[in-house]
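Undergrad: Residues per chain, in single letters:
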Amino acid sequence: DAGVIQSPRHEVTEMGQEVTLRCKPISGHNSLFWYRQTMMRGLELLIYFNNNVPIDDSGMPEDRFSAKMPNASFSTLKIQPSEPRDSAVYFCASSHLRLSDTQYFGPGTRLTVL
Amino acid sequence: KNEVEQSPQNLTAQEGEFITINCSYSVGISALHWLQQHPGGGIVSLFMLSSGKKKHGRLIATINIQEKHSSLHITASHPRDSAVYICAVKNQGAQKLVFGQGTRLTINP
Numbered sequence: 001d002a003g004v005i006q007s008p009r010h011e012v013t014e015m016g017q018e019v020t021l022r023c024k025p026i027s028g029h030n031s032l033f034w035y036r037q038t039m040m041r042g043l044e045l046l047i048y049f050n051n052n053v054p055i056d057d058s059g060m061p062e063d064r065f066s067a068k069m070p071n072a073s074f075s076t077l078k079i080q081p082s083e084p085r086d087s088a089v090y091f092c093a094s095s096h097l098r099l100s101d102t103q104y105f106g107p108g109t110r111l112t113v114l
Numbered sequence: 001k002n003e004v005e006q007s008p009q010n011l012t013a014q015e016g017e018f019i020t021i022n023c024s025y026s027v028g029i030s031a032l033h034w035l036q037q038h039p040g041g042g043i044v045s046l047f048m049l050s051s052g053k054k055k056h057g058r059l060i061a062t063i064n065i066q067e068k069h070s071s072l073h074i075t076a077s078h079p080r081d082s083a084v085y086i087c088a089v090k091n092q093g094a095q096k097l098v099f100g101q102g103t104r105l106t107i108n109p
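These protein sequence lines map, in sequence, to chains A and B.
Residue numbering for the first sequence follows our numbering, starting at 1 and increasing by one per position.
Residue numbering for the second sequence follows our numbering, starting at 1 and increasing by one per position.
Same shape as in the complex, but just chain A:
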């Protein structure tokens, strides 16, 4: 299995631009998590889905952030408009809801907003 796939791996953009991060979970996994990691705050959960349905989005910082999971093999995290304080590494992780609590992390997307 290829593991969790994220794209792009690096993104540099200017303030005010729209940013879309993409994630493909491990095949057969039915839970998907979006995390953000910064030096100041460490790892934080933004939102997670079970069976493509958003369950908890309380970690989404504000309305500029949105996430979708149109099918079991694809999710997006969108920031519009982006701000310099959004600069961070964004991780996607997936797991199997019933079989195991172990989450498998993607390589992350390093976002820099200038």
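Hints listed in this document are in silico derivations from the structure and should not be mistaken for laboratory results.
Beta carbons are placed, not taken as given, at the ideal position from N, Cα and C, and that holds for glycine.
Here are the computed distance ranges between Cβ atoms for each label pair:
no.	chain 1	residue 1	chain 2	residue 2	range
1	B	P109	A	P70	47 to 57 Å
2	B	N22	A	E44	15 to 25 Å
3	A	S7	B	P109	35 to 45 Å
Derived pair list, reagent style DSSO-like, types lysine-lysine, alpha-carbon separation capped at 27 Å:
no.	chain 1	residue 1	chain 2	residue 2
4	B	K90	B	K53
5	B	K68	B	K96
6	B	K54	B	K90
7	A	K24	A	K78
8	B	K96	B	K55
9	B	K96	A	K24
10	B	K96	B	K53
11	A	K78	A	K68
12	A	K68	B	K90
13	B	K68	B	K53
14	B	K90	A	K24
15	A	K78	B	K96
16	B	K96	A	K68
17	B	K90	B	K68
18	B	K54	B	K68
Given the coordinates of chain A, assemble chain B onto it according to the supplied hints.
TA: Okay, now just chain B, sitting in the frame of chain A:
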């Protein structure tokens, strides 16, 4: 809200030393995870514990539910063990993880 505290924040040791990283949490949990983040940024799940002890190679993880405390031990440490080790807990009845700030471990040859 569960507060997860790790200690120490930074740890430097010589190759071969026995390493202990601690994690304390404030509210009852259903599971505790230890994660390893390599210098390149990738995150790997090492252990998931709900009670007792688990061992994998040179890594040992223990948890004391009554004390709300877990430890990660590394025996015969090696420079390739250098990484950030992150403790995360899952609250009872919840699915999401709450993370500690991580412990940066450096093993010198």
